[in-house]
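K.L.:
One letter stands for each residue in the lines below.
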Amino acid sequence: MRPWILISTFNMTQQEWIERVVKPALFMVCLIPLALITWDAFNNQLGANPIEKIMRRTGDWTLRFLFITLTITPARQLLNMPWLIKLRRMLGLFAFFYALLHFTNYIWLDQFFDADEIIKDVIKRKYITIGFACFLMLIPLAITSTNNMVKRLGGKRWQKLHKSVYVISIGGVIHYLWLVKKDLGEPLIYAALLAILLGYRIWRYLRKKAPQTPQNTMSPIG
Amino acid sequence: MLIKKPTEIASSEITDKRMYFNRRQFIESALGVASAAAVLPGLLLPGAAQAGTRLAGVRPGSTKAPFGTDEERTTYEDVTRYNNFYEFGVEKEDPALMSKNFRTKPWTVTVEGEVNKPAVYQLEDFIKPHTLEERIYRLRCVEAWSMVIPWVGIPLADIVKRFEPTSKAKYVEFTTLHDPAQMPGQRRAVLKWPYVEGLRIDEAMHPLAMLAVGLYGETLPNQNGAPLRLVVPWKYGFKNIKSIVKIRFLEKQPTTAWMAAGPSEYGFYANVNPEVNHPRWSQARERRIGEFLKRKTLMFNGYANQVGHMYAAMDLNKYF
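Chains as they are written, first to last, in the working numbering: chain A, 1 to 222; chain B, 1 to 320.
Mixed in with the good hints there might be a few duds.
Here are some, though not all, of the chain A residues that point toward chain B, as calculated from beta-carbon distances under 10 Å [said to hold, decoys possible]:
#1 Gly47
#2 Glu52
#3 Lys53
#4 Gln111
#5 Phe112
#6 Asp121
#7 Lys124
#8 Lys126
#9 Gly185
Once the Cα atoms are required to be at most 25 Å apart in a straight line, the calculated DSS-like pairs of lysine-lysine come out as [unchecked claim]:
#10 Lys181(A) - Lys192(B)
#11 Lys296(B) - Lys181(A)
#12 Lys23(A) - Lys163(A)
#13 Lys296(B) - Lys53(A)
#14 Lys160(A) - Lys86(A)
Note that these hints are calculated values from the structure, not bench results.
Note that the Cβ used here is the ideal one computed from N, Cα and C, for glycine as well.
Please model the entire structure based on the sequences and the hints provided.
P.N.:
See below:
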């Protein structure tokens, strides 16, 4: 059942429904993790080491939003819900938003702008090196996320650039794996999920290379 | 700022929830202690009391270095809710949640190896000959956070002397209880269980080293290593092994749990040293729990004058 069929009686097209209902609702939902962190901060619920806790939670949500963004393509293909592509840009930008909070927490609350220590950290500690690199790589993706930028770059080049999200996701998981002192349980769960998300794409690619596959007409916008 | 905590009521003044819910049991055990105290005047035995009960006969601590400090103490709440005790889970909050039903009574301590008097002690008998004293020490975790904790315990040297180590006793090895039924963290091979730590004999004999049975004047909460733990304030926190059941005197240096887990990251000595780099955390600074800005980490955690001579001839980059 397509929800917009119900709505269409109110003279709303699918496009309008997505723009006026789905997107605003999704936007609010994506802010819930931040709201919870803020709530806990003001209610002394972040434990004995609040800065470490904020670091953990913003980091967790960066990875989660990256993964949710990477789920859009398989979901629209497997569930035959092509309209999902219209939500991908917002989810990707939220991944960047939580990465930005994570980075800001590190620079500001954790290191308190101690440039010397930050530079040493980035150079010496490989999990910070890779985390920092991934954050830098997210910036061009966020900047080129507008319709205008897609046009200026051209669909092909835009798509090529945005494929770097695969590298960033792998880097993000390695960042988590390397920072954990001993128990690799949770980072390995993320690694397994990422293997599925990327494995799906490899499988599609290999199938596409076989001659009888129909042409993929994916829009770069979204 | 959002990290401020309410401070109107000292956490030590609030009746512990566990004690409240177990008040009948507490009254019973208090009665038991009262009769024991009639036999042994002036001495309340930690083994006879419930975790979190007041310890009596404790020689009060001083705020003077090195056995005390006038630095602000970390709150009881933070000391007992932010713990690394992988036997009860790897998250900081896990030990307080998962150790609630941990049984610390009866408790035996086995002393063996290169000593004239090997024995298996009931904890009460292990502690009995000594006077409990309070010491306010800094605790510096290898993860670059720190606390100030008023411990209650016994100088390790006094206990070591009692067993009469032989001339072959060059090292002391400590072992934590191995009981996966009670310690859920041990059901997964996060570390090689049981947890093992060790000291060189001169470190063990150093007047700063102590075996703690309490903190903030009360018996140790389970998450802090009840009923008996090591406290060596000039070393990183993981050296302070918890819930000790065995003390073994050895000629050769033992391999500790963290050495086995990551030999390139964790050495036998693990002395607090801001100059020796660690691949995961800069050791130059630390965050004191309850404070916002990081502070500089001091050589040997500020106990350099007391312990520096033990390592004078050693390359601390090699023996980290």
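K.L.:
Decide, hint by hint, whether the structure agrees.
P.N.:
Hint check:
| no. | hint | in the structure |
| --- | --- | --- |
| 1 | Gly47 | 6 Å, holds |
| 2 | Glu52 | 8 Å, holds |
| 3 | Lys53 | 9 Å, holds |
| 4 | Gln111 | 8 Å, holds |
| 5 | Phe112 | 6 Å, holds |
| 6 | Asp121 | 6 Å, holds |
| 7 | Lys124 | 7 Å, holds |
| 8 | Lys126 | 7 Å, holds |
| 9 | Gly185 | 8 Å, holds |
| 10 | Lys181(A) - Lys192(B) | 14 Å, holds |
| 11 | Lys296(B) - Lys181(A) | 22 Å, holds |
| 12 | Lys23(A) - Lys163(A) | 24 Å, holds |
| 13 | Lys296(B) - Lys53(A) | 22 Å, holds |
| 14 | Lys160(A) - Lys86(A) | 19 Å, holds |
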